[in-house]
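J.: The lines below spell out each chain.
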Amino acid sequence: MTTGIDWISIPLVGLPLISSIVLLIFIGNMSAAAREKLGPSIRMVSLIVSFIMLGVTTMMFFGQMDNMGDWATLNFGSFNFEHRYEWIEALGIHWSVGMDALSFPMVWLTTFLLPITIVATWNEKNASVYFPLILMMGGALIGVFVALDLFMFYVFWELTLIPMFFLILKWGGKDRKYASQKFFIYTFTASVVMLLGLVTMYFLQPESSGPLFGTWTGRTFDIPTLISHSQAANANGMWFLGESMQKVLFVMLMIGFLVKLPSVPFHTWLPDAHVQAPTGGSMLLAGVMLKMGAYGMFRLPLAMFPHAAEFFQFWLLALGMVSLVWGAVVCLGQTNLKKMVAYSSVSHMGVILIGIATMQPLGWAAALFMMFAHGIISPMLFAVCGAFKHHYHSMEIGAMRGMAKHSPWLATSMMFAWMASLGLPLLAGFVAELMMFLALWHFLAAENWSVFWMVGPAFVLAITAAYYLWSMQRTIFEGGDETQPPASLHGEPVPDIADSEKISMVIMAAFTILFGVMPWIALDMMNGWTVAFFEQLLIPILNGGV
Amino acid sequence: MDDVIKPFGDGFVTALAPEFVLVIGLFTLMIVPNLGDAKFRIPLTQVRIPWLFGGKRGTLDSDPRLPGIFASLFFVMAFILAAVSFIGGMETKTIASGTNELLKVDEFSRLFELIFYGALALASIASIDRLPATSRKDRSVSGLYNNRRQVDFYILLITCGLGMSVVALAQDLFLLFIGLELASFSTYVLVAFMKETKEGSEAGMKYFIVGSVASGVGLYGLSLLYLWSGSLQFEELTAHFNATGMDPLPLTALGMLLVGFGFKVSAAPFHFAAPDAYAGAPGPVAGVLATASKAMGIVGLLRILLVVAAPEGMEDSTTVWLIALAVLSVITMTWGNIAALGSTNPKRMLAYSSVAHAGYMLAAITAIGALNWDAAHADTSRTAALAVVTALMFHLVVLVCFKLGAFLVLSLLESENGGHTLESLGGLVKREPFLAVAMFIFMMSLAGVPPLAGFLSKLLVIMGIVKAALIESTASGNVTFSEIHWVWYLALIMVINSAISVFYYLRVGLVMFFNEPEEGREGPLPRGTSVRLAIVACVASTIYFGVGAGQLIALCESAANALLGVR
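So the protein lines, in turn, are chains L and W.
Going by this note's numbering, 154 is the number at position 154 of the first sequence; the sequence numbering is gapless.
To get this note's numbering, take the position in the second sequence, counting from 1, and add 546.
Calculated from the structure, these hints are not laboratory results.
Glycine included, C-beta positions come from ideal geometry on N, C-alpha and C.
Treat the hints with care, as some may be off.
Which chain L residues stay away from chain W? Per the calculated CB distances, all over 12 Å, these [stated by the list, open to error]:
| hint | residue |
| --- | --- |
| 1 | 28 |
| 2 | 30 |
| 3 | 40 |
| 4 | 58 |
| 5 | 93 |
| 6 | 158 |
| 7 | 186 |
| 8 | 196 |
| 9 | 310 |
| 10 | 318 |
| 11 | 334 |
| 12 | 336 |
Distance ranges between label pairs, derived from CB positions [as the list claims (entries may be wrong)]:
| hint | chain 1 | residue 1 | chain 2 | residue 2 | range |
| --- | --- | --- | --- | --- | --- |
| 13 | W | 759 | L | 208 | 49 to 59 Å |
| 14 | L | 26 | W | 1069 | 40 to 50 Å |
| 15 | W | 1026 | L | 310 | 53 to 63 Å |
| 16 | L | 438 | W | 1093 | 45 to 55 Å |
| 17 | L | 25 | W | 742 | 51 to 61 Å |
| 18 | W | 1026 | L | 25 | 31 to 41 Å |
| 19 | L | 75 | W | 1082 | 45 to 55 Å |
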């Protein structure tokens, strides 16, 4: 446990949550006119708060804080900026935070996306409520990633639903009522199943006493303690909690995470939520919220139930493959730009799942990097979609032709984002996909699995290129009467995107290139974490008793 | 050792101070609004002495809000007195005449008193501005009559509170029943109090008929128990049950008592009157029915099932009521949730959600029945039972915060021309953002979304059930899934049910934030500072108990200990 300033709880979780609540209470007592008038200043306050957060995480990245270890060489099970406070003593619940190389990229990504989201949706209506909600969303998301206590993890996991629900409900599209409800109920249902799994696991752990353990349950919610318990119990071919129990709990936890990811049979909430969500909501939803699922898998079931993970390896791989292929195939049939992008997210999440299912260090690093790269690229995709919606009042592919002439900035951004997402070399997405392919080859060769498993991903490469190029060609290039603005404008002059949008697009593009050309900036720490995980936990356990 | 006090002996009044405050309140309410300038002429003389009862009343005591303010003050005072007794460790005091224990003041009864007085205080504060009252300048007969109704309302609330505290304190089944009836009769009238609306009278009638049938069945069960054991003291009943528990006579009696208390907690299939009663009753009264009255039923169930027919005492360590209660709980929670999905009246919806919550609590009690009390497991079983009862207490305490709060918000709506449809909530966020946000917080808390109190209470109940299901498994360490006791599936059914429930709770939020206000409801809501104050208190405690629940859990644990330690 490190001492000193709690750099996580205070600036990264407390600041956005408290400032957003204070702003909302402050706003709640005002008349509509006064609220309208205060909008710009509230936006500015939100931007400043998000910049403070970005500054803190960036300093953390460069190792400029006291008492911190290097991200890439952090031992498995040790955390930077660990702090713990008593919460509910009787049950062993603590406010316990810390970051390792698994959570840090996600936290940085969240703080990176917050100012970008605020800038990209600078002119959103009802600003005085919108921007505090974005901040609250950011605080809740970071809370999920830094929580080292299962209770706290679950609290933040569910807390993310509330601002997102309101973002979709108040700023969403035509069917926002249906979409927000579906989003909430779908993910909530999965979460309560996960909760029951967590509680069952809580009571199955051996009873003990100590500062981390509940005074009258004798058990703990502390994640590192649970992991080290399970590590010992999983050794020598034994199964932590017993074989059938471990499998059941693995499935229960995975239900929660697979729905959030989402993987194919559980993905149907995503397109609805995305299409109806406002641009800012989509950017955070696709950029960070989906990654909560993958993050949760790494943090809990894969670390605690490795035997079960090995047992269900085939199913995970199959789910990943189906998500990858199905997501891409469905994209081909979409006429709505945003829906297409949403399904492409499902496809990319399939890549993450495949990476996890390979159970190879390279595959896991690929999954981690995919989480990060997709977190930068997909907000750009959604920002482009939002710009179409905002300026052309339509997201129908084919309703607009030859946009490149009318609005070169939007066309360039779209082209860049689309290329990044389909995996153009030297852009961030490519690195992750390449690594995943290599890991999958390696895995198939090592396990003597049929090489036909490769057909799906290879096939998808072609499909992905097809739907992206096709939609791009039909939107910004040829076709239609290029001298005429699109019909959805009803004769208004054709605008290009606003300056604020340009700024955010350029920043996201710059980072896509940065992490494409120099992936090791982020990849080093991910690699370090993965290797430590395999060396210290997975390999001893899985090879131990065989 | 426990202090034993004779009725009206030394220390009797201090032991029952909160109750005596309420009795004083009862008389104050009768006297104060009647004070006037009446003079009494001594016969055959011209001497008139001021008599003060009747005549022309003063400006202060003819204020229709006066009874409400008085009642609220007395409830708050009783609440504080009950709370003060926790400070520095509770002294257990038993009130007994001869060898018969009558009442017992301990953490358990005091915590329930806190629940009752808290709920009643909030309801009475909220009613101050809400009851039909005529301007105080109106001295016509109907105007005066209208203002006198205020007194009736609060007198009934106070007798309700007295009855409830007798239920919590009682150590004798008969006394418990008397308290139950005292509270019930007050609520029958309170439900029908809005006689101007036809829903009010209908609700009161239905509630009265079904309630008295349920009470009658319970009373019959009581008489069978008496026939069997010759005593209605809990201690003697427990001893008797441990000796010859499986006889048909006490089992029949137990089943009948279950009907009586099942009606109070609105468990299916005895819940049919609840939605009508809640929908027709004034909002604050419906809130009391859903919180305090339900807590009273739970006291009865806990006493009967955990103390009298205690699972611990059974020779073959199987509990007689286990299967029956499990079935009842599953039916109750599922029925409640499914019926709530289809109801368009927000109060009916809350009533059905109350039924669902009763199902969760019954599931928790069932889990205690599943414990194994043989020598090897007795200690872990005891802690598991403690955990479950603690969870129940916590649930009942926090239910007062958000369920009552939701009813209070609805009471504001109903005071502007009915408001019996979900659409009446439309556009609430535009009309009064604070109320909409408060209602949303209550709904989310009912659904069990963190970090609100409702989440923690649901988590504690689930944890209690899971802990009880796993006690035989955890001893060995390695568990196979099929070995787990089947009550674990109650927890699964419960989480699935709470996922279903999100649908209708969320719908309230959607209507408030999404729909336009209903026709004729565009303007600001009716005024009423006191209701809003009560709602603020509810919101604050809902959030506080969700985030900083440590102390409350400790309190509930001490109460649970007091209940289970009796054995």
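J.: It remains to establish, for every hint, whether it holds in the given structure.
T.: The hints, checked one at a time:
1. 28: violated (5 Å)
2. 30: Non-interface label on residue 30(L) violated, nearest chain W Cβ at 9 Å vs cutoff 12 Å.
3. 40: holds (21 Å)
4. 58: Fine: 29 Å to the nearest Cβ keeps residue 58(L) off the interface.
5. 93: violated (9 Å)
6. 158: Answer for residue 158(L): violated, closest chain W Cβ roughly 5 Å.
7. 186: violated (9 Å)
8. 196: violated (5 Å)
9. 310: Holds, because the least Cβ-Cβ distance between residue 310(L) and chain W comes to about 18 Å, which exceeds 12 Å.
10. 318: The assertion about residue 318(L) holds, with a minimum of 23 Å to chain W.
11. 334: The claim holds: residue 334(L) sits with its nearest Cβ about 27 Å from chain W, beyond 12 Å.
12. 336: Per Cβ check, residue 336(L) is outside 12 Å of chain W; nearest 23 Å; holds.
13. 759(W) with 208(L): 49 to 59 Å: Once the Cβ atoms are compared, 52 Å apart, the range 49 to 59 Å for residue 208(L) and residue 759(W) holds.
14. 26(L) with 1069(W): 40 to 50 Å: Given about 25 Å between the Cβ atoms, the range is violated.
15. 1026(W) with 310(L): 53 to 63 Å: About 19 Å separates the Cβ atoms of residue 1026(W) and residue 310(L), which means 53 to 63 Å is violated.
16. 438(L) with 1093(W): 45 to 55 Å: holds (47 Å)
17. 25(L) with 742(W): 51 to 61 Å: violated (38 Å)
18. 1026(W) with 25(L): 31 to 41 Å: Given about 52 Å between the Cβ atoms, the range is violated.
19. 75(L) with 1082(W): 45 to 55 Å: Since residue 75(L) and residue 1082(W) have Cβ atoms about 49 Å apart, the given range 45 to 55 Å holds.
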